[in-house]
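Colleague: Those sequence lines, one after another, are chains C, Y, B and X. Heads up: the first sequence begins at 1 in this note's numbering, then just goes up one per residue. Heads up: the second sequence begins at 336 in this note's numbering, then just goes up one per residue. Heads up: the third sequence begins at 671 in this note's numbering, then just goes up one per residue. Heads up: the fourth sequence begins at 1006 in this note's numbering, then just goes up one per residue.
Wrong hints could be hidden among the right ones.
Ranges of calculated distance between the beta carbons of each label pair, as one might list FRET restraints [said to hold, decoys possible]:
#1 P767(B) / K283(C): 57 to 67 angstroms
#2 R697(B) / L1146(X): 16 to 26 angstroms
#3 Q1143(X) / R697(B): 12 to 22 angstroms
#4 L1146(X) / P184(C): 51 to 61 angstroms
#5 G172(C) / G1322(X): 50 to 60 angstroms
#6 E82(C) / L1146(X): 41 to 51 angstroms
#7 P767(B) / P432(Y): 55 to 65 angstroms
#8 R1174(X) / D700(B): 42 to 52 angstroms
#9 P788(B) / Q658(Y): 54 to 64 angstroms
#10 P432(Y) / D958(B): 54 to 64 angstroms
#11 R1333(X) / Q92(C): 36 to 46 angstroms
#12 K283(C) / P971(B): 23 to 33 angstroms
#13 E1045(X) / D755(B): 37 to 47 angstroms
#14 E1045(X) / R278(C): 26 to 36 angstroms
Over 12 angstroms on every C-beta distance to chain B, these chain X residues come out as not near it, computed from the model [stated by the list, open to error]:
#15 A1040
#16 R1112
#17 L1141
#18 G1177
#19 S1186
#20 R1264
#21 R1296
#22 P1304
#23 W1309
Worth flagging that the hints you see were computed from the coordinates, not collected in a lab. The beta carbon of each residue, even a glycine, is placed where N, CA and C say it ideally should be.
4 protein chains.
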Amino acid sequence: MERNMDDMNFNILRLGHIEYFVDDLSRSRDFYVDAVGLFETERDERHVYLRAIEDREHHSMVLTQSGTPGVGAIGFRVSREEDLDQLARKFQARQLPMRWLQPWEKRGQGRTLQVQDPFGFPIEYYATKQPVESLLQQYHLHRHGCPTRLDHVNVLMPDAQAGYEWYTRELGFFCSEYTQSAPPDDHVYGAWLYRKPTTHDLAVMTGPGPTMHHAGFSLMEPMGVIRACDALAAAGYADNIERGPARHGISNALFVYVRDPDGNRFELYTGDYLTVDRDQPPKRWELDNPRRQSLWGPPPPRCWFEESMRVTSLATGEPQPVQAPTTRAIPLYVE
Amino acid sequence: MERNMDDMNFNILRLGHIEYFVDDLSRSRDFYVDAVGLFETERDERHVYLRAIEDREHHSMVLTQSGTPGVGAIGFRVSREEDLDQLARKFQARQLPMRWLQPWEKRGQGRTLQVQDPFGFPIEYYATKQPVESLLQQYHLHRHGCPTRLDHVNVLMPDAQAGYEWYTRELGFFCSEYTQSAPPDDHVYGAWLYRKPTTHDLAVMTGPGPTMHHAGFSLMEPMGVIRACDALAAAGYADNIERGPARHGISNALFVYVRDPDGNRFELYTGDYLTVDRDQPPKRWELDNPRRQSLWGPPPPRCWFEESMRVTSLATGEPQPVQAPTTRAIPLYVE
Amino acid sequence: MERNMDDMNFNILRLGHIEYFVDDLSRSRDFYVDAVGLFETERDERHVYLRAIEDREHHSMVLTQSGTPGVGAIGFRVSREEDLDQLARKFQARQLPMRWLQPWEKRGQGRTLQVQDPFGFPIEYYATKQPVESLLQQYHLHRHGCPTRLDHVNVLMPDAQAGYEWYTRELGFFCSEYTQSAPPDDHVYGAWLYRKPTTHDLAVMTGPGPTMHHAGFSLMEPMGVIRACDALAAAGYADNIERGPARHGISNALFVYVRDPDGNRFELYTGDYLTVDRDQPPKRWELDNPRRQSLWGPPPPRCWFEESMRVTSLATGEPQPVQAPTTRAIPLYVE
Amino acid sequence: MERNMDDMNFNILRLGHIEYFVDDLSRSRDFYVDAVGLFETERDERHVYLRAIEDREHHSMVLTQSGTPGVGAIGFRVSREEDLDQLARKFQARQLPMRWLQPWEKRGQGRTLQVQDPFGFPIEYYATKQPVESLLQQYHLHRHGCPTRLDHVNVLMPDAQAGYEWYTRELGFFCSEYTQSAPPDDHVYGAWLYRKPTTHDLAVMTGPGPTMHHAGFSLMEPMGVIRACDALAAAGYADNIERGPARHGISNALFVYVRDPDGNRFELYTGDYLTVDRDQPPKRWELDNPRRQSLWGPPPPRCWFEESMRVTSLATGEPQPVQAPTTRAIPLYVE
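Using the sequences provided together with the hints, build the complete structure.
Modeller: Spelled out as structure tokens, the structure:
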């Protein structure tokens, strides 16, 4: 992986938040708080701001009232305010759409740089959010699967090789594991990319794009996956459990995938590992190795492969048009 | 174990409920419900009726407003109404104090036979309670350690050998494990006695009596013991955790002992086993074997050995006078 | 449920063992011991005798070398030797096939009464087995899901209503939960029947019979289900995991179903409850209620509904012929 | 925290290994492998090289045969070979003892810089170790508490304020939490310092020094703490469990402290959190706040406060002389 160090004078720390569009704010708030176990920091007429128990910032998830489900923004935290300016120069140089938000123009969030990345994803960078109390040791308030933090997003684009190259060469991401076609083709179908040293902050997958497959929340312990299913089912959401519990070969995640009342997808998982030694060679998987998707577990339903969330255009505020993948995106054992 | 079969024409099914005296009903209700994870079925001016998630009866714990902490009653469920009459004949023949309560004279409870057993314990037998919905599959309501059922009581009496003999010979209890002095003395210091096929419904221990050491609630899973401690500490009750987490050798229980706001003691535990083969020889432990008390775990505090709860006299409604043990009651490794 | 008390002068305690036929004794021993976590008590040329950690008897599972997979025997423990004679009288009176085995004619097993029940199942009753040390507190030897005991068998017969009636009326089983068609039909499709006070020792289901669907082993804790899957997958048996993890509505079991190297099926599960109050009305489920099969979880594969194990004829030693069910056996949501 | 950036041209990645002296190599190997659940990579006549399941390097723990228990070396991994040269310049400039080891002079370990830090601790820096296969997905080999990685060391020195300043200002460590005396004194009694983004790689505590209190291994899940105790006790090491299970307020660790057969101490724990946002203000605790030591749990035994491991002098190969603390080191609630 060659890095373009000329203008890599910024430090993206980690994925910071995700914004999901929901039709009925109250229904979705109850779902994410009472059935999933996130915590409400605050709400206003059009938004509910949620956080997980390790969060010391105002929000890691925003529910925004909208007639159409999908993804409003993907937020990354940078180290310092200057990093935002450096990133702005980079996106400007490439003539990518961008926009500044003043501090607190988004509730709880400092100065924010909004961009459309080269693949069409609505990314926002920020250095500061309003601090809040961590709920980690407020054990009497913990419930169900008890999400600890927003860990990663998994996005689809017509050619994940391009996404892999952009994020590693231009934005300083590292790769923990990846899926590739057999030699001599050696084309990247999917890559698990990180800034914080876990298996990923961002996975890029080949598929119809730009769309988002899911956001992933980590849990305190493996039993959290079972507890999450039990609580969802008891609260009337058994049919919202789309896939799992099962364990991915890639990343080692013990997971369950859930659709919210609007069909937006998220993952609850545990079991990944630290990636502190950044020069560790990434782990390679063959696309058609069934152990990649499921170290064990029932076959994924087709909807898990075929459905993903629309993302918003920075220019129009409407969902981005979607392009078909340029290479095969679904493993042979699913077809 | 010889059984007196002449008048054993009744069937005690299991421990059914426990009544604890508390000074501040509202404070205790919040403790047991919000911090421990029991559920309130109902309350009136002087009582709160609680149940655990497997319960299909009105209550397995009653908190009763009283100026003095301690134990009001220990309830056992029998199989049929006729069993109550048979038991009454037995206690009457031995001129032990007894009293009938009409159905629903105790809220949620059918016809009830109250007796003082030969050691002074306030026992009540019932065949029927008001049915309630099980909360077992209401997973979205489960919290903390999530007690599943009232499992057993552990009581002290000056000579546990006598208690062992009464409960096995006269009332049909079986023994799963027991503590004995070395031969040739062979005196029973403690015995774990059951009617339902777990390790016990009733443990009798040598000590100042009649007093009750604790009531034990079983949990859904071993992690419940950790969750219980976390929730208690976060809710401000860290100092109420008296002993554990640790594992007893005897009964294999992974446990924590907790004192309620009035100092009443209860145990939260998992890990015991089924005792369906009733003729299985009971397991013998030496009193001074430290693995008996703690398969592993920190040394128990002296208060755990020295403090226990007063029990109520059927005749006077006042606490029973307490007699010192007639043999050594505390293991050598504690002294 | 009317009981035929005239000749119910015996006491069946619980399911005691299961015999599975396997093609390669060594391969199957390694599977059940190294990948599943059972313990080998002993073996001879044609058998491996296995037990779980709560067992205090010689075996709860026998692997027998045979060219054809399937079930050799289903063993139930009775309380006393006399119970065997009483049972023999009952089966003889009904002219059902039976045979006596002398003590230790089956290794580790006392005098044994072998019968073919009215539905064709090869049942054996015994009162005594060779005692062995419990491995419950040998924690350093525990591995993977760590089965605690053989809990139940689940069998198929053309009309489960008949099986329900025979086992409750003639053999003293109790019913914890059952599946029934809608009124006014009220036909029993499946019934969970117990002698020991858990949800079942024996489930009877409508389907092609006599065949056995599975034997179920209970685990120490819910995480055991995840650990079992992880260990099976790592040991190369990911494709042997047939269904789950998921939770049944009926019995509340958190389960995984596994096929052994010969295709014999077993379940690893936790989460059921005590059924000490035998007069508790059984819980009724509608056949077509999807929450009955899966409180939550992925749809069961068709093979789980369509495949089951042949059972052995006492007379011929060959697999019993199989009859089609006389009523619909597969829920609507599967078809 | 002011950083001396002039010569901070190196990148310490994380704690890499620990070397413990043991009297009987075979006994200690069996203890750490069979009872604790570490894995042996290799051994020679004087050493056993161990690793945990996330490790992709040759060893994270070395057992070295020696007549005296204690700590031989504390290894930190740096990012690149050049970092070693930069660190050498820094230690040389301060005239601290140092020595180079050629690649593989220590088995499995590349070029290594050994130094004595200003407080007397034997530190070694390396950039490369022999790669080995991760055992993370070899679930069929996992046992007991299943340590995932060596996470941190906790060391004592006469004045932890000095250690805090050296490691943060000169070596680039960050502080997650710390213990301080009341204002206006504001003296640091202990500090939890990290390079990898967890709560610590290195904790410095005020006490007799230089000595090491413990090395800490993280576990896969909270139940691992219970499983570790069960396995240790069953294997005959119940008395080696020194403290816990309990939960620290500081770092949120659910822990157990264990003494190996030579008395060397280590911790098995889970429950800490990510510290990716390095500018997050560290969390302050008062020395005499009992919730700092034990969010909940039994009182620590005095030996836990009073005993620690001698560390080796680079110059002499003998244990370093120990100085008494210059300020009070033990909380009031222990005295």
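Colleague: Which hint numbers doesn't this structure obey?
Modeller: Result: hints 4, 5, 8, 11, 13, 15, 17 break, sorted rising.
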